[in-house]
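**Student:** Chains as they are written, first to last, in the numbering used here: chain A, 1 to 495; chain B, 1 to 495.
Accuracy of the hints is not assured; some may be wrong.
If several chains are the same, the list does not tell them apart, and a pair holds so long as it fits within one copy or across any two.
Stated by the list, open to error - Calculated cross-link-like contacts (lysine-lysine; reagent style BS3-like; alpha-carbon spacing at most 27 Å): (1) K6 to K94; (2) K324 to K94; (3) K488 to K111; (4) K385 to K87; (5) K94 to K105; (6) K6 to K105; (7) K208 to K35; (8) K274 to K35; (9) K8 to K35; (10) K111 to K374; (11) K111 to K122; (12) K374 to K385; (13) K8 to K105; (14) K488 to K476; (15) K385 to K176.
The hints are simulated quantities; they were obtained by calculation from the structure and are not laboratory data.
Source: prediction; values computed, not measured.
The residues making up each chain are set out below.
2 protein chains.
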Amino acid sequence: MTDYEKLKTQFREIGYLNRTIALLDWDHETYLPAKGVDYRADQQAFLSGMAHNRLVGAKVQELIEACESNQANLDTHEQINIREWRKDYDRSVKLPTEFVERFEKTCSLAKASWAEARRENKFEVFSNHLEQIIDLSRQKADYYGYEQSAYDALMDVYEPGCTTESLSPIFADLKKSIVDWLPEAIETTQEINDAFLKDDYPIAGQIKLNEIISRALEFDFESGRIDATTHPFCTELGPHDVRLTTRYEADDFTVSLYSVLHEAGHGLYEQGFKSEHAGTPMAEAVSLGIHESQSRLWENKVGRAPAFWNDWHSIACEHLPALKRFTPEQLTKAVNRVSPSYIRVEADEVTYDLHIILRYELEKALIAGDLHVKDIPGVWNEQFKVMFGIEVPDDAQGCLQDIHWSMGGFGYFPTYSLGNLNSAQLYASAQKALGPQLGDLQNGNYHGLLEWLRTNVHQFGKHYSPAQLMQNATGKPTQPDYHWSYLKDRFSSMG
Amino acid sequence: MTDYEKLKTQFREIGYLNRTIALLDWDHETYLPAKGVDYRADQQAFLSGMAHNRLVGAKVQELIEACESNQANLDTHEQINIREWRKDYDRSVKLPTEFVERFEKTCSLAKASWAEARRENKFEVFSNHLEQIIDLSRQKADYYGYEQSAYDALMDVYEPGCTTESLSPIFADLKKSIVDWLPEAIETTQEINDAFLKDDYPIAGQIKLNEIISRALEFDFESGRIDATTHPFCTELGPHDVRLTTRYEADDFTVSLYSVLHEAGHGLYEQGFKSEHAGTPMAEAVSLGIHESQSRLWENKVGRAPAFWNDWHSIACEHLPALKRFTPEQLTKAVNRVSPSYIRVEADEVTYDLHIILRYELEKALIAGDLHVKDIPGVWNEQFKVMFGIEVPDDAQGCLQDIHWSMGGFGYFPTYSLGNLNSAQLYASAQKALGPQLGDLQNGNYHGLLEWLRTNVHQFGKHYSPAQLMQNATGKPTQPDYHWSYLKDRFSSMG
Numbered sequence: 001m002t003d004y005e006k007l008k009t010q011f012r013e014i015g016y017l018n019r020t021i022a023l024l025d026w027d028h029e030t031y032l033p034a035k036g037v038d039y040r041a042d043q044q045a046f047l048s049g050m051a052h053n054r055l056v057g058a059k060v061q062e063l064i065e066a067c068e069s070n071q072a073n074l075d076t077h078e079q080i081n082i083r084e085w086r087k088d089y090d091r092s093v094k095l096p097t098e099f100v101e102r103f104e105k106t107c108s109l110a111k112a113s114w115a116e117a118r119r120e121n122k123f124e125v126f127s128n129h130l131e132q133i134i135d136l137s138r139q140k141a142d143y144y145g146y147e148q149s150a151y152d153a154l155m156d157v158y159e160p161g162c163t164t165e166s167l168s169p170i171f172a173d174l175k176k177s178i179v180d181w182l183p184e185a186i187e188t189t190q191e192i193n194d195a196f197l198k199d200d201y202p203i204a205g206q207i208k209l210n211e212i213i214s215r216a217l218e219f220d221f222e223s224g225r226i227d228a229t230t231h232p233f234c235t236e237l238g239p240h241d242v243r244l245t246t247r248y249e250a251d252d253f254t255v256s257l258y259s260v261l262h263e264a265g266h267g268l269y270e271q272g273f274k275s276e277h278a279g280t281p282m283a284e285a286v287s288l289g290i291h292e293s294q295s296r297l298w299e300n301k302v303g304r305a306p307a308f309w310n311d312w313h314s315i316a317c318e319h320l321p322a323l324k325r326f327t328p329e330q331l332t333k334a335v336n337r338v339s340p341s342y343i344r345v346e347a348d349e350v351t352y353d354l355h356i357i358l359r360y361e362l363e364k365a366l367i368a369g370d371l372h373v374k375d376i377p378g379v380w381n382e383q384f385k386v387m388f389g390i391e392v393p394d395d396a397q398g399c400l401q402d403i404h405w406s407m408g409g410f411g412y413f414p415t416y417s418l419g420n421l422n423s424a425q426l427y428a429s430a431q432k433a434l435g436p437q438l439g440d441l442q443n444g445n446y447h448g449l450l451e452w453l454r455t456n457v458h459q460f461g462k463h464y465s466p467a468q469l470m471q472n473a474t475g476k477p478t479q480p481d482y483h484w485s486y487l488k489d490r491f492s493s494m495g
Numbered sequence: 001m002t003d004y005e006k007l008k009t010q011f012r013e014i015g016y017l018n019r020t021i022a023l024l025d026w027d028h029e030t031y032l033p034a035k036g037v038d039y040r041a042d043q044q045a046f047l048s049g050m051a052h053n054r055l056v057g058a059k060v061q062e063l064i065e066a067c068e069s070n071q072a073n074l075d076t077h078e079q080i081n082i083r084e085w086r087k088d089y090d091r092s093v094k095l096p097t098e099f100v101e102r103f104e105k106t107c108s109l110a111k112a113s114w115a116e117a118r119r120e121n122k123f124e125v126f127s128n129h130l131e132q133i134i135d136l137s138r139q140k141a142d143y144y145g146y147e148q149s150a151y152d153a154l155m156d157v158y159e160p161g162c163t164t165e166s167l168s169p170i171f172a173d174l175k176k177s178i179v180d181w182l183p184e185a186i187e188t189t190q191e192i193n194d195a196f197l198k199d200d201y202p203i204a205g206q207i208k209l210n211e212i213i214s215r216a217l218e219f220d221f222e223s224g225r226i227d228a229t230t231h232p233f234c235t236e237l238g239p240h241d242v243r244l245t246t247r248y249e250a251d252d253f254t255v256s257l258y259s260v261l262h263e264a265g266h267g268l269y270e271q272g273f274k275s276e277h278a279g280t281p282m283a284e285a286v287s288l289g290i291h292e293s294q295s296r297l298w299e300n301k302v303g304r305a306p307a308f309w310n311d312w313h314s315i316a317c318e319h320l321p322a323l324k325r326f327t328p329e330q331l332t333k334a335v336n337r338v339s340p341s342y343i344r345v346e347a348d349e350v351t352y353d354l355h356i357i358l359r360y361e362l363e364k365a366l367i368a369g370d371l372h373v374k375d376i377p378g379v380w381n382e383q384f385k386v387m388f389g390i391e392v393p394d395d396a397q398g399c400l401q402d403i404h405w406s407m408g409g410f411g412y413f414p415t416y417s418l419g420n421l422n423s424a425q426l427y428a429s430a431q432k433a434l435g436p437q438l439g440d441l442q443n444g445n446y447h448g449l450l451e452w453l454r455t456n457v458h459q460f461g462k463h464y465s466p467a468q469l470m471q472n473a474t475g476k477p478t479q480p481d482y483h484w485s486y487l488k489d490r491f492s493s494m495g
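Here chain A stands alone, though its shape is the one from the complex:
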């Protein structure tokens, strides 16, 4: 075996462990009996330790170095894999084991205190823990290293190459556009009453319909499946094993359907890597901002377009007879109502990015030391009023609503909006390439769109940086114009 083959074997074995951990996690979120939780947590921690030890072991380091000093004998894909394995390795060894353990322990305690704080609506229960996490996050950024701001080092984990310098003007631009336009968007859609959708939608019928539509999207059920959970997600458990999850509510079919469309978008990306690259970074998602572009594209650009309910209304009625009460147009409007609300995960498409930008601005200031933890509630509520035009009733519906900070996930939120921007930009390019009728997706035929995404996004894995990938696919780096135009087009027609 060459050094490259040996290194590939090392990472294939690390992959076995990581995918085993992913299965433990998937099972935890879907089928694990209630009393099995404690043992499972210990089991997951043990296996995570094993995977980490294998990654930072001397063998991996030696082989990476050997491959790096012998690049000339490697082809392009092999060189890319070496580059990415080096990144994984460096990121793991840069954090001392003692620090990783301290970080995990702090988060574990913080999560419990956050849950209590939210339940009792008392920010001060969480604030000490949050201060510790911010302090540790700064230390983490120092370990990783950065050029301009510590926050860049944190974002880089989720969105390689993304910096506040490049992102802040984009978000500022988008924020202004949306805030200025929001009253009009609300006005346009205010007559839509989405409460009328509530009815009896048997879960067996929802399951069937979601499966039929996922198949039409060409999600491969021989390489994947859909299960029920509380907070939907998508996970890859092997090169031919991509699992979507969703949540069912018997009186609201849109909850499960739109989360299936969203997770299927993630799943199609995972199913779209080239099989010859299986087990290497060439068959891994390049960033969360690109991953989220795929989920938002299928959920919103496709799933909330007027064409969607024209195509699916009659089939949907077969499985959910209560839908016979509505016309396709009524359904389209109901799933596109703009209405400022406090909770991010329930937000409409127009206000969603405002939720993200608010968090991004606070995170940047917290990591930079420009904002103190005790001032978060005041600043949150003040900014929320400015952006959304409504008063936050309490911290549980304000700065305490998300789990991310208690998990130490600073730098994660911006990738949600990057997903929206990339999604609109990629969709516009696909329309340009395939003709405008793609936008209608008549007859539920999504093959052309999927092929365009496979060709321009999926197949590359981690070949290019997210920025380069967007440049190659759309002719421009990520920018807010496409998303902004999309929002205006979509919601101006919803009146």
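Chain A is fixed; fit chain B onto it per the hints.
**Tutor:** Just chain B now, with coordinates in the frame of chain A:
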């Protein structure tokens, strides 16, 4: 930490790996997408290797030796755990790695050839592979060591302490009793037509009914669950995570119900260990023959008794309305029809043990070298005629029907009949202790019976040998009389 605590930690970690492998396996049999199979096989092999290496590593050996030389400081339970860990360790190190790999590879090829042989009804396709497996099984027995016969060493893996010397007279006795009585048993139940049960039993209703009855048995759904599979099994994935599986047929509810009762019997045993022993042999099943006694007890002694359908008929009708066509008595008779058939897994309770005894006799002779592989079909068919009174139509329905030999599982079959014997013997003791009304289990109240089993069987884990456990619980070692009386009582009343 004391040496004992260190050793306990080592085995707790080996347990994390083994239960992870069990989850990979459970998922393989329940939810794994079709194309995920190849990757999963590699992943399982990798993790199995890891678990094995940890067990046979120097650390475990040193700690076992240290604990053994310091027994005086350990309490009884700790001493038992040391004894059992020593057994696990010895059994694993006695087989050279090269031998284990050769055995696994041979079985892997043999399984494929067995499947082909059965499909094409050609014994000669399998016979060479079977010869190799028998040869390797003899070698395995030599590695393990034995006093009287090589077959004893193979049985000991599944049924510690069980020898041909003790088992053969029991099986001979049982065989004679059943063969002599069989014509009468057939005669008694021949008027029962079980085909009349075929009807429309919606799977949702079967799921609900199975769950209600499992709860009545006090199977704890906060520490377990039921999923669908092809070949039902029970697996323990953690101290509070016991998973049953079953198979649904839309026109025959008995398939899923009786396999749930069977697997719930296994599951109640796994849920019945003392929680303070979690992660040690004191909280592990002592043998397959005791495990099977629990499954057969709930499936047959309880589930096929007349009281069962008296108790459950009206509730069953709520979930499976087609059952309204039948009386409880008709249902009881239908699930107790005696009819010799070729396939073991479809056998009634009277003929089931004849299937096992036939295999036991052949296995013993094959391992001893008294029977040659090429002669198996002839001897099988001849013996089958003597025991069952019917002619085997072909090898696919004869000596090729079971997967066990292709998997190298010589010594496994006898535990099925040991389960029947133990089951009847334990049930008789429970009746004696709790009064005869236990036998009726009026009103679906199984608490008394379960408590008796917890007290006399479950709580002990591997404390006693299977023989000693039976002696303690019933006053006698395993013997055929109770099973024989049970069969005569049950089936004489079914006319």
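**Student:** For every hint, state whether the structure bears it out.
**Tutor:** How the hints compare with the structure:
no.	hint	verdict
1	K6 to K94	within (23 Å within a copy, 30 Å between copies)
2	K324 to K94	neither (59 Å within a copy, 69 Å between copies)
3	K488 to K111	neither (38 Å within a copy, 62 Å between copies)
4	K385 to K87	neither (41 Å within a copy, 69 Å between copies)
5	K94 to K105	within (19 Å within a copy, 42 Å between copies)
6	K6 to K105	between (35 Å within a copy, 23 Å between copies)
7	K208 to K35	between (31 Å within a copy, 22 Å between copies)
8	K274 to K35	between (40 Å within a copy, 15 Å between copies)
9	K8 to K35	between (39 Å within a copy, 22 Å between copies)
10	K111 to K374	within (18 Å within a copy, 66 Å between copies)
11	K111 to K122	within (14 Å within a copy, 62 Å between copies)
12	K374 to K385	within (19 Å within a copy, 86 Å between copies)
13	K8 to K105	between (32 Å within a copy, 24 Å between copies)
14	K488 to K476	within (21 Å within a copy, 84 Å between copies)
15	K385 to K176	within (14 Å within a copy, 88 Å between copies)
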